[in-house]
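According to my numbering, numbering within the sequence shown proceeds without interruption in unit steps and concludes at 139.
Don't read these hints as lab results, they were simulated from the structure. Be careful, since some hints might not be right.
Stated by the list, open to error - Distance windows between CB atoms, simulated:
#, residue 1, residue 2, range
1, R37, K107, 18 to 24 Å
2, T80, R3, 25 to 31 Å
3, K132, K90, 20 to 26 Å
4, N34, E120, 20 to 26 Å
Said to hold, decoys possible - Derived DSS-like pairs: lysine-lysine, alpha-carbon spacing no greater than 30 Å straight-line:
#, residue 1, residue 2
5, K30, K90
6, K132, K30
7, K88, K107
8, K45, K88
9, K107, K132
10, K30, K45
11, K88, K99
12, K30, K122
13, K122, K13
14, K107, K32
15, K99, K26
16, K122, K26
17, K32, K90
18, K45, K132
19, K132, K99
Just so it is clear, CB atoms sit at the ideal spot from N, CA and C, and this is done for glycine as well.
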Amino acid sequence: MKRREPISHIMTKAVITVSQNDDLRKVIEKLKSNSIRHIPVVNGKEVVGIISRTDINRLTFGALFDGQEGVDEAILDMLTIPQVMTSKPKTLSSETIIKDLAATFVKEEFHALPVVDNGELKGIVTTTDVIKYFLEQYD
């Protein structure tokens, strides 16, 4: 096992993002169409928040992602991304060691973290990325 491998080796570099000025319907569309669970919220290149499927599910009681028809989507028109997102999320440098990332996920109970170098979004890394990495060590 490579002990000092940086997260730049496992992070997703082509990050799907939304602007804090977008509406929640755009978040839902991007989550669904890209089969992802977390989206960084940006203001230019700066990460100002992160929003997840779980955040949306809390608003709609899970109905939007369970394919339930007739869910009251009025809540999506009443709230903005900044009202729903986690503001000022913890971020990591692309040079963070994978082992340290895994420890952060365990300690902080995060499932995804934006990767930021010099104030600019460079990627996103998730618990799934870490699990895949560790599974590859057994091949």
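How the hints compare with the structure:
Separation of R37 from K107 is about 20 Å and conforms to the stated range, judged on CB atoms against 18 to 24 Å. At roughly 44 Å, the beta-carbon separation of T80 and R3 lies outside the given 25 to 31 Å, and the hint is violated. Under the hint 20 to 26 Å, the C-beta atoms of K132 and K90, about 21 Å apart, fit the expected range. The beta-carbon spacing between N34 and E120, approximately 21 Å, falls within the hinted interval of 20 to 26 Å.
Among the hinted pairs, K30 with K90 is consistent with the structure: their alpha-carbon atoms are about 22 Å apart, no more than 30 Å. With a C-alpha separation of about 23 Å, the suggested pairing of K132 with K30 holds against the 30 Å cut-off. Pair hint K88 plus K107 holds up; C-alpha atoms about 18 Å apart against a cutoff of 30 Å. Simply put, K45 and K88 have alpha-carbon atoms about 14 Å apart, close enough for the 30 Å limit, and the pair holds.
The hinted pair formed by K107 and K132 meets the criterion: a straight-line CA distance of about 19 Å does not exceed 30 Å. About 18 Å separates the Cα atoms of K30 and K45, which keeps this hinted pair within 30 Å; it holds. Our distance criterion of 30 Å between C-alpha atoms is met by K88 and K99, whose separation comes to about 23 Å. With a C-alpha separation of about 19 Å, the suggested pairing of K30 with K122 holds against the 30 Å cut-off.
For the given pair, K122 sits about 6 Å from K13 by alpha-carbon distance, which is consistent with the 30 Å threshold. Straight-line distance between C-alpha atoms of K107 and K32 comes to about 29 Å, which keeps the hinted pair within the 30 Å bound. For the hint pairing K99 with K26, the CA-to-CA distance comes to about 34 Å; that exceeds 30 Å, so the pair is violated. Only pairs whose Cα atoms come within 30 Å are accepted, and K122 paired with K26 is accepted, the gap being roughly 22 Å.
Straight-line distance between C-alpha atoms of K32 and K90 comes to about 24 Å, which keeps the hinted pair within the 30 Å bound. Between K45 and K132 the CA atoms are separated by roughly 28 Å; this keeps the pair inside 30 Å, and the hint holds. A C-alpha spacing of about 13 Å is found between K132 and K99, which places the hinted pair at or below 30 Å, so the restraint holds.
The structure fails to meet hints 2, 15 from the earlier list, while all remaining hints are met.
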